[in-house]
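Let the hints inform the model, and build the full structure from the sequences given.
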Amino acid sequence: MEKVKRSARRAILRAFPPCREVVRIISASLDRPITLRERLVMKMHLVACKPCVRYLDQSSFLALALKVMDDDEKAMLFSGSLREETRTRIKEMLRAGAAGFR
Amino acid sequence: MFRQHTARLSADEEKRMNVAVLPKVEWNVDPAAWVDEHGDYLFRYALVRLRDEVRAEDVVQETLLAALQHLDSYSGRSTERTWLTGILKHKIIDQIRKACKEVPFDSSDTDLSEFDPLFERDDEWNGHWSDTLSPRIWQRSPEDAVQQTEFFGVLQTCIGKLPERVACVFTLREMDELDTEEICRMLGLSTANFWVMMHRARMSLRRCIEINWFMKAR
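Residue numbers (this note's numbering), protein chains in the order written: chain A, 1 to 102; chain B, 1 to 218.
Bear in mind the hints are in silico, worked out from the structure with no lab data behind them.
There's no promise every hint is true.
Okay, derived cross-link-like pairs now, BS3-like style, lysine-lysine, Cα gap no bigger than 27 angstroms in a straight line [what the hints assert, rightly or not]: (1) A:LYS91 x B:LYS89; (2) B:LYS161 x A:LYS91; (3) B:LYS89 x A:LYS67; (4) A:LYS50 x B:LYS216; (5) B:LYS161 x B:LYS89; (6) B:LYS89 x B:LYS101; (7) A:LYS50 x B:LYS89.
Written out as structure tokens, the structure is:
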């Protein structure tokens with residue numbers, strides 16, 4: 001049984017374009033509507049190829065990680081802070097500007 | 001209901017109300033306090049998108065000064081931070097647009113040959129994933145807050161390693177969720193090139209994150 005499955009997988013992989021081209025279709029599927037032919041190639045290939053399934057899952061995961069969070073949450077997770085001198089400089093400019101208004 | 005009520009106010013009463021409301025809005029705002037309250041937030045927001053500390057600091061400064069000038073446009077309906085972030089977004093996009101106009105289109109941005117080794121094999125399966133470089137199973141997923149912070153740190157570093165334009169395209173699309181057409185117009189790209197650059201970003205980021213986060217033992 002396992003042997004049949006394996007040979008079927010091999011046949012599919014041989015009949016359709018290799019991973020190098022399929023990963024581009026997978027990327028495209030995340031960016032735009034893909035053509036019928038592309039969809040067929042992708043679906044068939046994914047039946048037979050575990051690494052490409054992972055590529056799709058992991059790429060989707062990346063997009064999701066950036067999209068599900070709102071800006072506030074993301075900013076908490078990213079790092080970096082203003083340098084002290086920049087902080088002081090901007091404050092002074094704002095104070096001078098605010099004084100100008102009054 | 002409210003409108004009916006105010007309609008009945010005399011001119012005198014209306015004047016009193018305005019006097020009571022206006023100074024409160026004007027004098028309660030201390031722009032210098034924005035720096036401590038929102039400065040780091042705005043800086044991170046800019047840094048992950050511009051990937052350059054000096055440019056990020058500049059754009060924060062520009063944003064706060066613009067906010068001060070347009071204080072009257074702040075309606076109080078959104079929070080101060082949301083309002084400032086809105087201004088910052090525009091400033092960042094201006095920056096990216098300017099930076100990309102200065103640098104002519106580089107054909108290396110759409111060159112995918114760096115990934116060729118991932119699909120090189122000695123056997124009959126050449127063109128398929130190499131056994132050693134193919135995507136691994138990602139065992140860890142960032143679950144708690146500490147892990148998420150680590151994960152985003154790695155993601156930030158990995159985005160920083162992308163070629164400048166590729167990183168621009170990817171963050172504008174995936175983080176800011178701008179339309180493809182909008183990004184292409186802004187950076188003067190064909191859609192075909194846009195898609196290649198998105199693919200390139202994904203290939204690099206996926207691998208970089210796998211190596212630096214998922215394959216690292218805790």
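>> Flag every earlier hint the structure violates by its number, smallest first.
In response: Checked against the structure, the hints that fail are numbers 2 and 7, while the rest are satisfied.
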